[in-house]
Amino acid sequence: MDPSDVVNGNSCDGPAMEKMPKREEHPEYQYLNLIRHIIATGAKKSDRTGTGTISVFGSQSRYSLRDGTMPLLTTKRVFWKGIVEELLWFLRGSTNAKDLSEKGVNIWNANGSREFLDKLGFFSREEGDLGPVYGFQWRHFGAAYSDMHADYTDQGVDQITQIIDTLRVNPDDRRIILSAWNVSDLKKMALPPCHCLAQFYVANGELSCQLYQRSADMGLGVPFNIASYALLTHIIAHYTGLKPGDFVHTTGDTHVYLTHVQPLQKQLKRQPRPFPKLAVKIPPETPFWELKAEYFNLIDYDPYGAIKMDMAV
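For the sequence shown, our numbering assigns the number 1064 to the initial residue and increments by one for each residue that follows.
Since the hints were made in silico from the structure, they are not lab data. All figures in this text were calculated on a predicted structure; none of them were measured in a lab. Even for Gly, the Cβ is constructed at its ideal location relative to N, Cα and C. Warning: the hint list may mix true and false statements.
DSSO-like mimics (lysine-lysine), calculated; alpha carbons at most 30 Å apart, straight line [said to hold, decoys possible]:
1. LYS1340 x LYS1139
2. LYS1166 x LYS1355
3. LYS1251 x LYS1355
4. LYS1107 x LYS1340
5. LYS1332 x LYS1166
6. LYS1250 x LYS1344
7. LYS1161 x LYS1306
8. LYS1161 x LYS1344
9. LYS1306 x LYS1344
Beta-carbon label-pair distances, calculated as ranges [to be verified]:
10. SER1187 x LEU1249: 31 to 41 Å
11. THR1216 x GLU1190: 19 to 29 Å
12. LYS1107 x GLU1353: 43 to 53 Å
13. GLY1131 x ASP1181: 22 to 32 Å
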């Protein structure tokens, strides 16, 4: 099946989309034009969820974080509270999906459900226990994982602390890497990391971050991922006395789920509005693992309305 067959008859067929003028004046067009490119030229592929995707391999986009800029998409409303709470959950090293759901953020509930865990063979694992996922790898890389309730203090490598310390004393180091991809732990995870490796880079007093994302769900995941790592860069810049520079997003399997094509057509018709600014107000002496969502506020976020897309599980 030709990928364009997915959208034919919906006023947004593949070849027509590829010929549309590519407006570059707003950085959000990088995201929108990539979606157009995927639908127009991508390969139709099966996937773990059984939903089906249209996919291309390899992409890169760049977003400036200067002057407090937060690259939060404006062509649809993005769940800012969810982005902040999930990132702070990572920084605390938590692997308990219930910690997020108690704050009204349910994005990990499906992967921590009894049904999903049993499907993976984790019959004795408590519901909500995601295994050694992002937060555990960020804060305790190499430690032995038992369950989401264990105290892992001083176990494994605290990559976040190590990154902050290195940026302070040797900002030109080319090994300032944050890795969530621990091969020995993959089979213990409810979901292996999609955004798996980030590198930090300093030039002229500015901190930039490049993320490699092995699997990029353009409809739901990527808007979250862009904003999350942009926020992480702002946070680490705060703790190292640097100014935020760029966020560079590099993706591997870059795909649109077949069920997301029609909702994305609606989004593609919208013209981006200015990105919001981020106000960071972290009290003095607050360690990064004690950060609260109230310390991060958006200024002038004026998006279009939300667009419903179902998550493929």
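Okay, the hints, checked on the actual structure:
Restraint check: the Cα-Cα separation between LYS1340 and LYS1139 comes to about 17 Å, which is no more than 30 Å; the hinted pair holds. About 12 Å separates the Cα atoms of LYS1166 and LYS1355, which keeps this hinted pair within 30 Å; it holds. As the CA atoms of LYS1251 and LYS1355 are separated by approximately 29 Å, the hinted pair is consistent with the 30 Å bound. Taking the CA atoms of LYS1107 and LYS1340, the gap is about 38 Å. The hint is violated against a cut of 30 Å.
Our distance criterion of 30 Å between C-alpha atoms is broken by LYS1332 and LYS1166, whose separation comes to about 33 Å. Simply put, LYS1250 and LYS1344 have alpha-carbon atoms about 39 Å apart, too far for the 30 Å limit, and the pair is violated. At roughly 34 Å between alpha-carbon atoms, LYS1161 and LYS1306 are farther apart than 30 Å, so this suggested pair is violated. A distance of roughly 27 Å separates the Cα atoms of LYS1161 and LYS1344; the hinted pair therefore holds under the 30 Å criterion.
Only pairs whose Cα atoms come within 30 Å are accepted, and LYS1306 paired with LYS1344 is accepted, the gap being roughly 15 Å. Distance hint check for SER1187 and LEU1249: the Cβ-Cβ separation is about 19 Å, which falls outside the suggested range of 31 to 41 Å. Restraint check, THR1216 to GLU1190: a C-beta distance of roughly 25 Å satisfies the suggested window 19 to 29 Å. Between LYS1107 and GLU1353 the beta carbon distance is about 46 Å. The supplied range of 43 to 53 Å therefore holds.
Between GLY1131 and ASP1181 the CB atoms are about 45 Å apart, so this pair departs from the stated range of 22 to 32 Å.
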